[in-house]
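S.K.: Spelled out from the first residue to the last, the chains are:
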Amino acid sequence: MSDVNRGNRPLSPHLTIYRPQWTSMSSILVRITGNALIVAALMIVWWFVAAASGPEKFATANGFVTSWFGDLIMTLSTLGLWYHLLGGLRHLVWDSGRMLDVDKSELAAQMMMVLSVLLTIFTVIVV
Amino acid sequence: MAFLTDRKRASGMGSAKTGTEHHWQMMVTSVALLVLTPLFIFTFGAILGSPYEEVIAYYQRPFPAVVAILTMLVGFFHYRLGVQTLIEDYVHGFARKATIIGMICLSYAAAAFAIFAIVRIAL
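First to last, the protein sequences are chains A and B.
Numbers given in the numbering used here equal positions in the first sequence, counted from 1, plus 119.
Numbers given in the numbering used here equal positions in the second sequence, counted from 1, plus 352.
The following residues of chain B were derived to be distant from chain A, with all beta-carbon distances above 12 angstroms:
id, residue
1, 369
2, 413
3, 447
Chain B is faced by these chain A residues, among others (derived, beta-carbon under 7 angstroms):
id, residue
4, 153
5, 154
6, 164
7, 167
8, 168
9, 171
10, 177
11, 207
Simulated from the structure, these hints should not be mistaken for lab results.
Everything numeric in this text was worked out from a predicted model, so none of it was measured.
Where is the CB? At the ideal position from N, CA and C, for every residue including glycine.
Just chain B, with the same shape it has in the complex (with noise of 0.2 angstroms):
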């Protein structure tokens, strides 16, 4: 090792340039979700623990299922930006690759899975 120079050593060590990116959609998602939040939170409430019934004819309306499939959409993007810093300030090496490729999947999945299931419900 001690045969790298100091500039080799410095070399390739820089930023991904990507952050400028992550910070703007965090700022996007957060704004977005500003609105959405307290919707879904007064609308979702309003309806949980009602009986089966009564809880699909609430989500065929198109307000309530649009404010829950903006929610899930916008929240688990936001989630995903927002787990993948914490990956990267706690976890290292290769953990934290398989972490974050981790994270990012369930992210989209869980996304996917309540869309797909709140549109089926509405139509």
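This is chain A alone, in the form it adopts within the complex (with noise of 0.2 angstroms):
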């Protein structure tokens, strides 16, 4: 409604003057990581791809994910992937009536940063 003269009314506070907040900041976080998880995504097809058409085309993917850079997109991105699964794992909670208070909630949001790094470390191990 861009014609009507909406007044010189004070605008809410925005992202830029907010005080960072747990909530907020593990918020953003969970959409962040998830839509990062496009790009080890992507690797992870062309792996596939190269995989089901020989060996040649294989070594190439392999080579690139396999490498330094590909260890470091896909080391991030499993930092992303289990914190975006804890921040998802949240969302259903709440879903259900539960946790929803702000105490609760911050507790929730520091869980996931420090489970997110923990189950990473794991996942380095492992694999």
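Could you use the hints to bring the two separately framed chains together as a complex?
M.R.: Here's what the structure looks like:
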């Protein structure tokens, strides 16, 4: 309704004005990690397609995925994937009407950050 | 524009009424991925870095292959829904529509390529 004069009413505080909180930061990180996972996902698709295409194609794709740069993307993506998984779990708990209080929400945010790091370390050791 | 009545200005601006379905599909895929993701991390992680012959033999086994197929199928569908929400929040006008269509096509294409490749390796 851009044609309506809405007056000089104050705007609500935005991301750049608000002090960072556990709840807002943990939420935006779920979005960032989820969408950033497309990079690793497309690399894995390339790896599968290359494996189905023969040894030469596989050598190229596998060489990239297991290079230091590929390892870096895969390790960061593992952290992102675990974090996003825990974030999704938190959403499912929220949707069931539980842990909606601020203190419990903040505790969940801190747990997500600690657990995702621990699960990533575990994954790197096992894999 | 001053000739528009308030009623006319407001009509047709409501929701698309697909939000419930979107949320439900997000919940279902989230629950599925809660199981699939750890299985995929440890099956895919176990074979990544192995030579070509071992990778082919590994994905000819039913369990790793089906885990990979389901993860790609459900994962990319989940991504297709999630990225649409992201675009709707930050992109506006024609660019929004174009980006949503583009990312939906990319999601389905990626899933199709992955599944075709895994089936071809397995069979």
